[in-house]
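Undergrad: With chain A fixed as given, assemble chain B onto it according to the hints.
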Amino acid sequence: MEGRVLSIQSHVAFGYVGGKAAAFPLQCLGYDVDLVNTVNFSNHAGYGRSGGSKTSAAELESIFQAMEFNELLRPTRVLTGYIPDAEALSAVARLVEKLRKQNPELIYLLDPVMGDAGRLYVSADVIPVYRSLLPLSTIITPNWFEVETLTGISLTDLHSLRLALTKLHKDFGVPNVAISSIPLTQWLSETLPNAIRPPTVSESEHLLCITSSVSNENSPSDVHAQCVPLLPGYFSGVGDLFSSLVLAHYNSSLESSLPDVEVPPFRTSLSEAVSQALTKTHAVLCKTFEYSERLPEEERLVTDDEKDAVEPIRKVRRMRGRELRLVQSIDIIRSDFGDATRRLERWSGFWENL
Amino acid sequence: MEGRVLSIQSHVAFGYVGGKAAAFPLQCLGYDVDLVNTVNFSNHAGYGRSGGSKTSAAELESIFEAMEFNELLSPTRVLTGYIPNAEALAAVARLVEKLRKQNPELIYLLDPVMGDAGRLYVSADVIPVYRSLLPLSTIITPNWFEVETLTGISLADLHSLRLALTKLHKDFGVPNVAISSIPLTPWLSETLPNAIRPPAVSESEHLLCMTSSLSNESSPSEVHVQCVPLLPGYFSGVGDLFSSLVLAHYHPSLESSSPDVLPPFRTSLSEAVSQALTKTHAVLCKTFEYSERLPEEERLVTDDEKDAVEPIRKVRRMRGRELRLVQSIDIIRGDFGDATRHLERWTGFWEKL
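In order, the protein sequences belong to chains A and B.
Take the position in the first sequence, starting the count at 1, then add 92; the result is the number in the numbering used here.
Take the position in the second sequence, starting the count at 1, then add 12; the result is the number in the numbering used here.
In isolation and in its complexed conformation, chain A is listed as follows:
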């Protein structure tokens, strides 16, 4: 692979989240990566305490302007992630708009980082700015909560999920949506095709990954899905790694290129890219999980809100022990899993009336 990725995300000195989780995999896969740091922190927020600062909108603009002046703003791909406030996000949006005009073929992966598990962790005034960015994107990688926040639709059944995807594709003009790490609620599990649904006894031990790609104006999107085993415990940076791998593997030319580089039937460029990303992300997560399980006991103290409140260092050690084993996963990142790839399968009945 080759190309130049402009990545606009967070920077942490220690550990792997944001740009730190994205850069190494992209570089390993052959991409030059230009890294604009929207924050410069010591570590991710999960530790409790961190030092450093956010990058102001003015400073971001001074960086963008100098890059423009030096003819350094010609990426083939753009990746935006965590941006701490609406002002900075607007500066990024203005840049992306310019880049999109300059290069209609630009591949832009927008990770609309706003919150998780029902909670916003940025100011609500970023929401309209993200909505304005949606039409400029090639792919978006929201989590379940971010889909709800962007669309204003609460995802409680298949009908609301369809509405939300329709809104993203038709109203907001997003060509490709990838949602990883969806908890398998009952209604969701029941509507999955048999081929994708995990055995009933282990449903709660699985997460769902869904992609949706607009094929043409008239037909609904192509939806694909796959389940992965759920690993216990909270690991940071997984979504950031996933997004970077989706971008790395996404080859939009597949659908229109030479016959021998065809997309196999019932697959899309997005489902192919996400299959790779899901497989590799899960493998890195397994490696990380196994490593954390082998740590001395005091480095892997289980989440216990009472004990954690009394002794904050418990949480710190837990977070530290769970940092992604990214560097140790260089071969995972660079390899081809062949038949072991966790392929997303077409959800052919997704749009049909029940």
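Be aware that one or more of the hints could be misleading.
In silico lysine-lysine, DSSO-like type, Cα no more than 27 Å apart, as pairs [said to hold, decoys possible]:
no.	chain 1	residue 1	chain 2	residue 2
1	B	K66	B	K326
2	A	K190	B	K179
3	A	K146	A	K190
4	A	K407	B	K110
5	B	K66	A	K146
Just so you know, these hints were derived from the structure itself, not from any lab.
Keep in mind it's a predicted model, so treat the numbers as computed, not measured.
TA: Same frame as chain A, now just chain B:
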């Protein structure tokens, strides 16, 4: 290889200098790298214009304190490079002092980034702070000018070079010194052992790389050298890449382990620098070849008059010469075997002429 490197250097959004040149090679070689950015710029200074800001000493300290609180300051190796002013450098020095006390086995590579080609590009008040850091180091990677600046000795002949190395090892307590990219002046070339000196006709087309390691208290240091072909043109980030590869390949236990692990007449430093020199030169060649194949307007030769009238010439030249680091992943991870540019012992270095 494995371990954790704490790297305290510059960050540029575009291109490969400072921490950006150091991180990827170290990560490829298996090291977790913790990156503290002393500046956050759009690109390196060679382009002329850049945007962004320097990290204040206070902010660096807030990062260090949070890391300490979270028990995240237990690196096995430390690498410091460009730090923009004396205040920030002093904050880094305080941290390194603490880390050294905490772990006497810590491997600390200090790149005393101050200037080049006879010119300081930082404020002179960093010099005493760097001198205070020298005794904490395991390896230092000054360029020729930085050796002169740190020691106050003008390197004009073999005698002054010996004085400077003695000062670094004895007065400043530096165990290992590596100087890459030394222009082969006649006096230097003439004193080189025959086995190392390049053919007279192509002397000006070579650079010298030198290492000096303290062996024990009483004997002078062990000096090793090698020449590499000089590639025309200025390339940024080469020294930063070199330093990171020296750190990656440095294994101090070699000297005390079994006889068949370290070949005779080599030191841990000369071995590490042989690897670093080989790989750095290979990356530079790849970069040079790439830049030569660019369209003409992307590789306009340095011409001070034309550059002054049309600054974009210099911008395009710099852009076309950014290290092809990502494209060199196999070089970084490879083993050159017999093709390694081994530094050879300069046996007569300390002998009276």
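Undergrad: The structure should be examined with respect to each hint, and the outcome stated for every one.
TA: Each hint tested on the structure:
no.: 1; hint: B:K66 - B:K326; verdict: 24 Å, holds
no.: 2; hint: A:K190 - B:K179; verdict: 56 Å, violated
no.: 3; hint: A:K146 - A:K190; verdict: 24 Å, holds
no.: 4; hint: A:K407 - B:K110; verdict: 25 Å, holds
no.: 5; hint: B:K66 - A:K146; verdict: 13 Å, holds
Taken one by one, the earlier hints fail for this structure only at number 2.
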